[in-house]
Amino acid sequence: MPSRTPLPKPMHRLNYTKLTEAQIGAALAPVAKSGPAHASPLSDEFVGQSVKIVTDNGGPALDYKFTSNSQLTLSENGAKPVAAGYGALVMDDICFFAHLIPGTLKGYAVVIDKPTRRASVFELWFGGFEDKREVMREIYYGYVDKAGADAPKDRHVSTNRAEGKGWFWKQDNGWETIDYWSTIAYTHWVEVSRKAEMGFSAPADYIQINEDYYIYTRTECEFSGTFTIYVADLNRAEQVGMRLGFDWGDALDYYVFRGKGEWLGQIAQFEKLGDVAGGPMKPNPGGPGQGPGAAAPTAKGARAVYRPARTMEKLTAAEVAAVKTSVFPGRLGAGNGTAGMGVHALPAVDFLVGKSFTLRYDSGLVMDYKVSKTDELQWRKNGGTWTTAIYQAFEPAPGVILFGHLLEGEPNRDGHSIVVDFDAGLVTCFNGYLNGPYFANEANARTLFGVVEMEGVATPLYKRHQRTWDLVGRAITWNYQPGLSSMHLYSTPSTTSWIIFTAADAGGLEWSGPGDFVKIRDELYFAYWLEEACNGTLGTIVVNMRTMHDAGIGYHCGKAGGLSMSTVGALGRHAGKFDVKRFFDSSRKG
Amino acid sequence: MSEESISTRRSFLKGGALIAAPLAVVGAPAVALAADDSKERLARLEDEKAIRTLHQGWMRHINSGDLATAKQLHASDKSTRALDGITSVTPDHAGAPDEIMFTTDGRASATYAALVETETMIAPDNTLAQMLHAQGEGRVRTSERGRLKADYVRTREGWAIANIRFERA
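Listed in order, the protein sequences are those of chains A and B. Numbers given in the numbering used here equal positions in the first sequence, counted from 1, plus 3. Numbers given in the numbering used here equal positions in the second sequence, counted from 1, plus 501.
Honestly, the hints are just simulated from the structure, not real lab data. Every residue, glycine too, gets a C-beta built ideally from N, C-alpha and C. Be careful, since some hints might not be right.
Said to hold, decoys possible - Partial list, derived from the structure: chain B residues whose beta carbon lies under 7 Å from chain A:
1. I623
2. A630
3. L633
4. Q636
5. G637
6. E638
7. V641
Only chain B is shown next, with the shape it has when bound in the complex:
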């Protein structure tokens, strides 16, 4: 996938959305600016910071129920399907430390210990479930510990989520 093609989803974002998700500060890939080791390390730290900021913003939008804005932090519509049913994501401070890895092709991946709450609809295919729905209910929430595994790509606007998935502990 070319950088051009992965920038398409975010290219329509309005300024307000970018301000809400403070990725604009990342700008051009920091690694490209590196002229020596210290510059590379600095750029790496800035990229890590940008990805952490992106992840925190993503969690904030998920937890506030603003899935539309959360989806704007994804590089493609396809990758937002992973959000279906997720109602909250909380860092699991009892879990393993976060890991952010960079690849030579300008991508990154991260693993976050997390507590993820999902909501699924109980299919109204029997009388009891139909009565639940008649009560305005029929959704079940479950909370599980595990790891969020995310892949990131650079876009012209900054880092974006290429893929994110939850692996149960």
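So that you can see chain A by itself, here it is in the shape it has in the complex:
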């Protein structure tokens, strides 16, 4: 089972070993013969039987002979049989078994529902991507051949019927996860056993067996490359499955498992009513975020996999120091001319014009402001010299102002996205800065709490804005402009995951990064997402759950656009909420 040892870094920051095919083969060799590890007893369902599986569309014909509950022979397409270790588990009418093929880097996982004889065959192999440790998969639908009987007319089917469900699972070996079945082609999961702070996103398959049973797969692409498959009984919240891959310490995980879980909720789907089409999406080689190694759409196992760190623009510290700035382009003078994620932005306001005030942060930072124009202010840090900066201000709720500006001259090219509640005298700042430990142009963020000192404002002594878990488990769609929408899934108290919709408004690609969430007022939250190991953007938004409109500011550094601060704004819809907060309580016993 996976180690419960906390990861030394977040998963997206681990430097996974580039295992060679020889290293992988050496690790697989013994277990290919002995079969997968298991905590629950293996099933003897097939012992003494021969099972022939026929698959469609040129897939393999698999002739199995099960000599014991851990040994089988397999003839692929009539070839000479080979002996292998296997593990089988049965859940009511569902039989699941998995095995590797000795002397190769491949194996099969097979799901059969006995009453109908329909089967789904998952061919699995290492070495198919530039990271050899990433498990590849191809799915073949078929059936168990039975002499004298007709082939079943239908098959297991990829579907969106699983989309939007959330599950907590505890395997028989004690391993716990939260699995968000968040799109038709991606999943988001949280390793609860490790008390992980963040969740991560990976390509997935969702296949319907019948109304009760679904097959789920996950390949931890861009992380360890590990493959997980299970059949879930949705009503009983039980699972049988298998995990295959190399963990961050390069130890082989290869085991079959049973599990029990809890249904955590169902969020909304946005496809046209009656549309049940599933994934996966085909790859778009050469497209952004695909990487040069993206498979051709017709390649075996091909599907769209988002690999953003491979295509992210990376700058050196010297380049970061040299890039020009671009602050709220299109918003100056003539008003709203913004594009991209700002088409649906709130209008800029002149609330701050003519005001002078001090933001005194608990960190010790003191920022003085004098605001002369709608888009120009002067700031000084800790009593230093005054600097003029371009800014924009928005009023996401009466008396609550979001404004942002860059801090020219700061060595890490800081930007402040600031929410001031002038009624309460409180301020929270998401302080973006560059030159972090990984990529120099990648935004980092710190959250600063403090108070406002201004004539006419009662400055609190003790009260502050507070971090909140109010958003944890919620999903909110955001429409930034016609055709450009996403859904945020606030999957843990410190994760923002974002989902892109397909043309049919199904959930498609998904990625995630660190997030922070501060309560400003009831139903008014200041949140960020940080595109770590992705595109390096810090996105900050004030989420107004009453108006379902956000107001935001983006902070990004790249070659073409330089260091930029931009307007963000979108129309929201509440897609629902998963019941997950309790899993992140530090007093919870696993």
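Given the structure of chain A, go ahead and fit chain B onto it with the hints provided.
Just chain B, lined up with the frame of chain A:
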């Protein structure tokens, strides 16, 4: 612009293209044949018919995605820029009747009530848009009612589109 200069784009058309766009039947300007009022009216009707045929052919090529052939019905490359992003044009039968007007300099203009669908690419300048493009998407189609306003000129091969633009309702 002389008639000679506006005929240059279509002068290279092969016979097949002309057959596909049945303008060849228009031939020499019909008005020139008019000897009395009835002949003028007849010629006017024939010109109207030719322009309607030209417009219907243009719509058919647009709607079938054959922009290359649609562009061959234009008098100049410059005027084909108006087609960028248009994916379909449908007559709006709930709109005002079509109008075709002729000018004394041998030109014509027309207004058609239409439903126009356009497709624009969402610039991949942010992570979300890039993910859309990674999915093979990132284009947005919008459909709007309005008026197509077209100007026509005569060429040696017949009427051609000098300019066409869409005005939202």
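Here is what the structure says about each hint:
1. I623: Since chain A brings a Cβ to about 5 Å from I623 (chain B), closer than 7 Å, the hint holds.
2. A630: Cβ of A630 (chain B) sits 6 Å from chain A, so the hint holds.
3. L633: 6 Å, holds
4. Q636: For Q636 (chain B), the interface hint holds, since the closest Cβ of chain A sits about 5 Å away, which is under 7 Å.
5. G637: 4 Å, holds
6. E638: 5 Å, holds
7. V641: Status holds, d = 3 Å.
When the structure is compared with the earlier hints, no violation turns up for any of them.
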